[in-house]
Amino acid sequence: MNSSSLLGIATFSYLALGLAHLYQFFFKRRKASPMLFNGAVGAVVLNLAGWIVRWHEASQTGYGYVPLSNLYEALISLSWCTVVVYIILEKKYKTGFLGIFIFPLVSLAMAYASFSPRVETAIQPLIPALQSNWLTYHVLTCFLGYAAFTASFGASIMYLVKTGKKTKPGEKQALPLPDADILDEVLYKANAAGFLLLGIGIITGSVWASRAWGSYWSWDPKETWSLITWIIYAVFLHARYARGMRGRTAAVFSIIGFIAVLFTFLGVNYLLSGLHSYA
Amino acid sequence: MEFFKKAVTYLSSLRLTIITLIGIAAGSGIGTVIPQHLTAEAYAEIYSGTMEQLIHRLQLNDLYHSWWFLIIAAVFTLNLVSCMLKRVPSLIRVLRRKRGDLPPGGLPFTASFKTAGTLDGKRETLYRLLKEGFARPAERHEEKGAIFSAEKGRISRWGFLVTHLGILLIIVGAFAGSYGYRGQMELMEGEQSRQVYLGENIPPVQLDFAVRCDKFAVSFYPQSRRPRSYESVLTILEDGRETGPFRITVNKPLSHRGVTIYQSSYGSIPDMEQIYLKLPSPGSAAPDTQVKTALDSSYTAEDGSYSVTVTRFIPDFAMDEQGHVFSRSRDLRNPAVQAVFTSGDTAWTQWLFARYPDFHSGTDSPVPAQFLGVAGSSFTGLQITRSPGLSLVWAGCLMLVAGAFLILFMSHQQVWVRVTPAGRQLDITVAGSSSRAAAFKPVFERLTKKLKTL
Chain A
8 MNSSSLLGIA TFSYLALGLA HLYQFFFKRR KASPMLFNGA VGAVVLNLAG
58 WIVRWHEASQ TGYGYVPLSN LYEALISLSW CTVVVYIILE KKYKTGFLGI
108 FIFPLVSLAM AYASFSPRVE TAIQPLIPAL QSNWLTYHVL TCFLGYAAFT
158 ASFGASIMYL VKTGKKTKPG EKQALPLPDA DILDEVLYKA NAAGFLLLGI
208 GIITGSVWAS RAWGSYWSWD PKETWSLITW IIYAVFLHAR YARGMRGRTA
258 AVFSIIGFIA VLFTFLGVNY LLSGLHSYA
Chain B
678 MEFFKKAVTY LSSLRLTIIT LIGIAAGSGI GTVIPQHLTA EAYAEIYSGT
728 MEQLIHRLQL NDLYHSWWFL IIAAVFTLNL VSCMLKRVPS LIRVLRRKRG
778 DLPPGGLPFT ASFKTAGTLD GKRETLYRLL KEGFARPAER HEEKGAIFSA
828 EKGRISRWGF LVTHLGILLI IVGAFAGSYG YRGQMELMEG EQSRQVYLGE
878 NIPPVQLDFA VRCDKFAVSF YPQSRRPRSY ESVLTILEDG RETGPFRITV
928 NKPLSHRGVT IYQSSYGSIP DMEQIYLKLP SPGSAAPDTQ VKTALDSSYT
978 AEDGSYSVTV TRFIPDFAMD EQGHVFSRSR DLRNPAVQAV FTSGDTAWTQ
1028 WLFARYPDFH SGTDSPVPAQ FLGVAGSSFT GLQITRSPGL SLVWAGCLML
1078 VAGAFLILFM SHQQVWVRVT PAGRQLDITV AGSSSRAAAF KPVFERLTKK
1128 LKTL
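The listed protein sequences derive, respectively, from chains A and B. Taking my numbering as reference, the numbering of the first sequence is continuous, increasing by one, and the terminal residue is 286. Taking my numbering as reference, the numbering of the second sequence is continuous, increasing by one, and the terminal residue is 1131.
Simulated from the structure, these hints should not be mistaken for lab results. Any given hint might turn out to be false.
[Unchecked claim] Chain A residues, not near chain B, derived (Cβ > 12 Å throughout): (1) S12; (2) Y30; (3) F33; (4) F34; (5) A118; (6) G251.
[Said to hold, decoys possible] Lysine-lysine pairs mimicking PhoX-like chemistry, simulated, CA-CA at most 25 Å apart: (7) B:K821 to B:K1129; (8) B:K1118 to A:K101; (9) B:K1126 to A:K101; (10) B:K929 to A:K229; (11) B:K829 to A:K99; (12) B:K1126 to B:K808; (13) B:K683 to B:K929; (14) B:K1127 to B:K808; (15) A:K98 to B:K1118; (16) B:K799 to B:K1129; (17) A:K98 to A:K35; (18) B:K683 to B:K763; (19) A:K99 to A:K35; (20) B:K791 to B:K1129; (21) B:K799 to B:K763; (22) B:K808 to B:K763; (23) A:K99 to B:K1126; (24) B:K799 to B:K1126; (25) B:K799 to B:K821; (26) B:K1118 to A:K99; (27) A:K99 to B:K1127; (28) B:K1126 to B:K791; (29) B:K763 to B:K775; (30) B:K1126 to B:K829; (31) B:K821 to B:K1127; (32) B:K775 to B:K829; (33) A:K99 to B:K808.
The beta carbon of each residue, even a glycine, is placed where N, CA and C say it ideally should be.
Using the sequences plus the hints, can you model the full thing?
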């Protein structure tokens, strides 16, 4: 089976998982059933398999590279990173609700990658500067970081919804969300993990830039925006450790951070120019 | 004095940390929106009025080295150093505390209860319970009973210092790096040089050694014009001695005496003695002739009906808004020649483009000529840098990551269990302390629950 059909099945599995999560949440008013969690594990295995088959296809064309070099491959790998982080968090905290955000988002990313005419899906040979193991470390750590921030974004939105409207006694709680404390812990842990991973991503990127271009930092827009994002989460962690920032403030902060993540990942490429344009 | 104290307190405050961090983030953001390092004329084209003045006043054309950005960075560094200094005494106090010593002040976690049994009968189980979640349980005797203690993750207390010292090292390394340089050297096969080109109007750097290019090669992907790799074989010449050969390629530089040599580009130098034109042969039936000519030398057709002189060569042809011709780069991206034709009493000037043979600028020419190209020899483009402080930066990065891991994913947890016999029962008091209360709470509760069923 070739990579695009595997990835196609993964895309539809994610879409189905997203719909199932939304259905159980809004219509059944309960947390996701364990079956959906197993489905998520299956879907991510398909996603990973598609990614690995593409790796194999790239080596058969004689170009031989880890598929992390253009927007198509970026979205495919970002998707499996996000679902892997989701699985880890869900395994540990059992919120049962993160999937409401994660699966619509990843199915959208996967569909955009495969169907948008703006995204080139062909396997292209790599220019010499991109032929480096540091590229793999750099991209994977950044993506795992982005994935953690995405999970934190989901938890933050749920936190705001959960604490937003006081339910009167006797009135049925509008939406069956997990405890605010658990959501707060998830968003904090995800931010902490994302902060560390993005930090490692920025550093491995610098090492690579230093070896390929002779300069570890050149204020390229992508570089700069990843630093800005990292600083935002650094401020979050400082405020949390030294001032005990929790609750709604922490949730709003994570959402601002996630906007910066989105801008770093996509906005920079479409609005600003630099070394990282996935052309 | 009062003011001085306040200033010192402010300098090490979290508020200042957050203000400077936001300042650095916001400033950096502006630098990605306003294009950097353009000429004054280019800025005048994009911006006008107050904005243009602001760019010059605030050095927004080189924002990351502007006075105000450097001031924010300096204040951030001062804040960082004073925060570390402020925290060192309490860190030393914590780390000096012997295992089992109670921390000064109250304990955040305590629980008391009674259970049946004797101290000697319970000792073994207690040790086992403490060993499950902590390291090195110890026992200290009291007048009536004993205090058992255990702890784990003491190393995480170092996290704060390690991570912030890491950031300081990165800043120091980056500052040291500003005393380095980054320049280019272009060498043809067999050529050698010790001169590093830094840019226009900047005196070049003279290396202590010379670099010779013994061989240069490019390989392409099959059926593609994309280069797969390019590499140079270099020899270092120093005090009459040769070292090498060294093979460098993109991503695999060579370091020698603090100077690093990167394979960064390649190109070819056009030979002005070998310019090829395609010209019509006299008599319309005859095929065109290919002519080799040189810059500024004239070629006359066999029958003398016209002559042509190449007067200018431009490697990367472009035209500004006033219609002045210039070269966008030194690469042969859009090579063009200006040719002056004379036929009888008339003369005309024409631009010919190697990439666009059918396009002629100017009036229709009675002599339909084409510029076929120019011969040249390829050279290797080396980037040569000296970056003092680079190892400090890498050491700082390692410390930053290691320290952040210690802070974020580990915590120092200590527990004490006081066991005092009271008749046939034991009075048990459990106490705990941690550098991260939130993570410790469930751990403490689990331990207490287990102790109750001792």
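Structure-based check of each hint:
no., hint, in the structure
1, S12, "holds (26 Å)"
2, Y30, "holds (33 Å)"
3, F33, "holds (32 Å)"
4, F34, "holds (34 Å)"
5, A118, "holds (29 Å)"
6, G251, "violated (10 Å)"
7, B:K821 to B:K1129, "holds (20 Å)"
8, B:K1118 to A:K101, "holds (19 Å)"
9, B:K1126 to A:K101, "holds (23 Å)"
10, B:K929 to A:K229, "holds (24 Å)"
11, B:K829 to A:K99, "holds (22 Å)"
12, B:K1126 to B:K808, "holds (16 Å)"
13, B:K683 to B:K929, "violated (52 Å)"
14, B:K1127 to B:K808, "holds (13 Å)"
15, A:K98 to B:K1118, "holds (20 Å)"
16, B:K799 to B:K1129, "holds (12 Å)"
17, A:K98 to A:K35, "holds (22 Å)"
18, B:K683 to B:K763, "holds (14 Å)"
19, A:K99 to A:K35, "holds (24 Å)"
20, B:K791 to B:K1129, "holds (8 Å)"
21, B:K799 to B:K763, "violated (44 Å)"
22, B:K808 to B:K763, "violated (35 Å)"
23, A:K99 to B:K1126, "holds (22 Å)"
24, B:K799 to B:K1126, "holds (16 Å)"
25, B:K799 to B:K821, "holds (15 Å)"
26, B:K1118 to A:K99, "holds (17 Å)"
27, A:K99 to B:K1127, "holds (22 Å)"
28, B:K1126 to B:K791, "holds (13 Å)"
29, B:K763 to B:K775, "holds (22 Å)"
30, B:K1126 to B:K829, "holds (19 Å)"
31, B:K821 to B:K1127, "holds (23 Å)"
32, B:K775 to B:K829, "holds (13 Å)"
33, A:K99 to B:K808, "holds (24 Å)"
Consistency with the previously given hints fails for numbers 6, 13, 21 and 22, ordered from lowest to highest.
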